[in-house]
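Asker: So you can see what is in the structure, the chains are spelled out below.
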Amino acid sequence: MKRIYLDHSATTHVDTRVLEAMLPYFTEKFGNASSLHSFGQEAAEALAQSREQVAAALGAAPLEIFFTSGGTESDNMAIKGAAYMHSPQGRHIITSVIEHPAVLRTCEELEREGFEVTYVPVDGEGILDMQFLEDSIRDDTILISIMHANNEIGTIQPINEINELISGRKIILHTDAVQSVGKIPTDVNELGVDMLSISSHKLHGPKGVGALYVRSGVNIRPLVQGGGHERGLRPGTENIPGIVGFAKAMSIAKEQLKEDSMHMQHLRDSMIEKIRNKIAHVMLNGHEKKRLPNNVNMSFRHVEGESLLMLLDMNGVAVSTGSACSSTSQKASHVLTAIDLGVDYIHGSLRFTLGRENTMEEIDHVVNLLEEAVMKLRQISPFEEDV
Amino acid sequence: MYSRKLLEEFTNPKNVGVIEDADGVGQLGNPADGDVITIYIKVKDGVLEDVKFKTFGCAAAIATSSMVTQMAKGRTIEEAMRLTKEEVADALGGLPPGKMDCSNFAPDTLKVAIEDYQKKHKV
Numbered sequence: 001m002k003r004i005y006l007d008h009s010a011t012t013h014v015d016t017r018v019l020e021a022m023l024p025y026f027t028e029k030f031g032n033a034s035s036l037h038s039f040g041q042e043a044a045e046a047l048a049q050s051r052e053q054v055a056a057a058l059g060a061a062p063l064e065i066f067f068t069s070g071g072t073e074s075d076n077m078a079i080k081g082a083a084y085m086h087s088p089q090g091r092h093i094i095t096s097v098i099e100h101p102a103v104l105r106t107c108e109e110l111e112r113e114g115f116e117v118t119y120v121p122v123d124g125e126g127i128l129d130m131q132f133l134e135d136s137i138r139d140d141t142i143l144i145s146i147m148h149a150n151n152e153i154g155t156i157q158p159i160n161e162i163n164e165l166i167s168g169r170k171i172i173l174h175t176d177a178v179q180s181v182g183k184i185p186t187d188v189n190e191l192g193v194d195m196l197s198i199s200s201h202k203l204h205g206p207k208g209v210g211a212l213y214v215r216s217g218v219n220i221r222p223l224v225q226g227g228g229h230e231r232g233l234r235p236g237t238e239n240i241p242g243i244v245g246f247a248k249a250m251s252i253a254k255e256q257l258k259e260d261s262m263h264m265q266h267l268r269d270s271m272i273e274k275i276r277n278k279i280a281h282v283m284l285n286g287h288e289k290k291r292l293p294n295n296v297n298m299s300f301r302h303v304e305g306e307s308l309l310m311l312l313d314m315n316g317v318a319v320s321t322g323s324a325c326s327s328t329s330q331k332a333s334h335v336l337t338a339i340d341l342g343v344d345y346i347h348g349s350l351r352f353t354l355g356r357e358n359t360m361e362e363i364d365h366v367v368n369l370l371e372e373a374v375m376k377l378r379q380i381s382p383f384e385e386d387v
Numbered sequence: 001m002y003s004r005k006l007l008e009e010f011t012n013p014k015n016v017g018v019i020e021d022a023d024g025v026g027q028l029g030n031p032a033d034g035d036v037i038t039i040y041i042k043v044k045d046g047v048l049e050d051v052k053f054k055t056f057g058c059a060a061a062i063a064t065s066s067m068v069t070q071m072a073k074g075r076t077i078e079e080a081m082r083l084t085k086e087e088v089a090d091a092l093g094g095l096p097p098g099k100m101d102c103s104n105f106a107p108d109t110l111k112v113a114i115e116d117y118q119k120k121h122k123v
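From first to last, the protein sequence lines stand for chains A and B. Just so we're aligned, residue 1 is where the first sequence starts under the working numbering, counting upward by one. Just so we're aligned, residue 1 is where the second sequence starts under the working numbering, counting upward by one.
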């Protein structure tokens, strides 16, 4: 059975060009970038070049890039680092209700430490309530952290509008761009952000590596103490093979951005249209237009998401659901809850996240399998008569 | 996370449907919680002659519903009342730990259907 992967927001395969770039740094070029000898210098050169590549892909300066272990660490480093550094000026932070757990749990931890956090709600399509955000800004607000694009429903937030809103104020603007880099433009100056989190494995790079962009002049406190690596902000011997691969993946993503996003968007729109034509009682979750080019999140009335996922998986199709069972009770995700999906739809969501190598043939095949699976489950469903 | 046996049962559930002239009907669960099981029974001489189900829920909820109907069919009411979650789970090669509590309520739904029969027929 040919398997079809439509879960690229979970992770992606490593691009062969990325793997090739990485390989020498495991074996012959294994040096520690802090060493003074030639082995060390090879590693230091690779590190410097990688930093330039990542910076160039974001429109940033190389010294504004700090390598980390990935998106979660970058989010923690940005939020806690800014909160601890600037707590003398204020202890108020603004974020949204649909952030990734890496941001939400970090903010909750800061609340336990005495910081105040405002969670801005979203509308039914997952777009931030800008008036609520504006009204939440206080004299002691030190940080705003709003994700660029949502990992579940793909909604893109107006980050540059937030930047305009706070211009002239001493508030740091952070965005989690883990899902958006490589899918839509993420130039740090166009977005107007002070900090931006990235993860390598979401864009065909290796796992266990990522970066935090920190605008020159913005100060944050390191969370880990050690040697002077990453200018003291993130000490620890650098993961050179990972960083080299991540940088290569960023360069490819930047180079192919237009072509890749157009391809994925074409598949996305076609998939949504075909699902709507073939299957009754479906709902697109998130915004029709302001969404990632690779995100299709739909709910199917009166069927349960995990059952649908399992049926597709048995046919070789990998997707995810925001409606999966938790250990004690069946709970819908915080994002689907925030956009207030009705009871008939909230447990029947599926997320298809496309990749640059998916084809229209694959999409057509998946839509056919999906139609069969929904019909099968609706025949078992006690609400079938209503459908 | 699911056993091969459970997935097989989920993919090919038995006794799906409604018994129009059922002697007893039981329904448990709540659409808001993501699981609803309905079980219909037909009783003759104290024996469950036919058992059917309709389920909205995860793979475990569907598989356990299907298994319960098969295990109950042909049994006396007393025997069917004694069916436990553990027996149903064992027949499916076990359930993932979290699913034991939240999705395995088909045996309870069967009991509700039997009680409905007993109430209607004053047994």
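By construction, these hints were calculated from the structure, which means they are not laboratory data. Be aware that a few hints might be false.
Label-pair ranges, simulated between beta-carbon atoms [stated by the list, open to error]:
1. GLU28(A) <-> ASN12(B): 52 to 58 angstroms
2. GLY94(B) <-> ARG138(A): 49 to 55 angstroms
3. GLY94(B) <-> LEU165(A): 18 to 24 angstroms
4. HIS334(A) <-> GLN70(B): 36 to 42 angstroms
5. VAL18(B) <-> THR11(A): 20 to 26 angstroms
6. VAL18(B) <-> LYS278(A): 56 to 62 angstroms
7. LYS258(A) <-> GLN27(B): 49 to 55 angstroms
8. LYS2(A) <-> LYS119(B): 39 to 45 angstroms
9. MET100(B) <-> GLN131(A): 42 to 48 angstroms
10. GLU78(B) <-> ASP129(A): 26 to 32 angstroms
11. VAL18(B) <-> GLU20(A): 26 to 32 angstroms
12. HIS334(A) <-> ASN12(B): 30 to 36 angstroms
13. ASN12(B) <-> LYS258(A): 25 to 31 angstroms
Just so we're clear, the structure is a prediction, and the values are computed from it rather than from any experiment. A virtual CB, placed ideally from N, CA and C, is assigned to each residue, including glycine.
Asker: None of the hints should be skipped; say for each whether it holds.
Answerer: Against the structure, the hints:
{"no.": "1", "hint": "GLU28(A) <-> ASN12(B): 52 to 58 angstroms", "result": "holds (55 angstroms)"}
{"no.": "2", "hint": "GLY94(B) <-> ARG138(A): 49 to 55 angstroms", "result": "holds (54 angstroms)"}
{"no.": "3", "hint": "GLY94(B) <-> LEU165(A): 18 to 24 angstroms", "result": "violated (54 angstroms)"}
{"no.": "4", "hint": "HIS334(A) <-> GLN70(B): 36 to 42 angstroms", "result": "holds (38 angstroms)"}
{"no.": "5", "hint": "VAL18(B) <-> THR11(A): 20 to 26 angstroms", "result": "violated (43 angstroms)"}
{"no.": "6", "hint": "VAL18(B) <-> LYS278(A): 56 to 62 angstroms", "result": "violated (26 angstroms)"}
{"no.": "7", "hint": "LYS258(A) <-> GLN27(B): 49 to 55 angstroms", "result": "holds (54 angstroms)"}
{"no.": "8", "hint": "LYS2(A) <-> LYS119(B): 39 to 45 angstroms", "result": "violated (54 angstroms)"}
{"no.": "9", "hint": "MET100(B) <-> GLN131(A): 42 to 48 angstroms", "result": "holds (46 angstroms)"}
{"no.": "10", "hint": "GLU78(B) <-> ASP129(A): 26 to 32 angstroms", "result": "violated (59 angstroms)"}
{"no.": "11", "hint": "VAL18(B) <-> GLU20(A): 26 to 32 angstroms", "result": "violated (60 angstroms)"}
{"no.": "12", "hint": "HIS334(A) <-> ASN12(B): 30 to 36 angstroms", "result": "holds (35 angstroms)"}
{"no.": "13", "hint": "ASN12(B) <-> LYS258(A): 25 to 31 angstroms", "result": "violated (47 angstroms)"}
Hint check: violations occur at hints 3, 5, 6, 8, 10, 11, 13; the rest are consistent with the structure.
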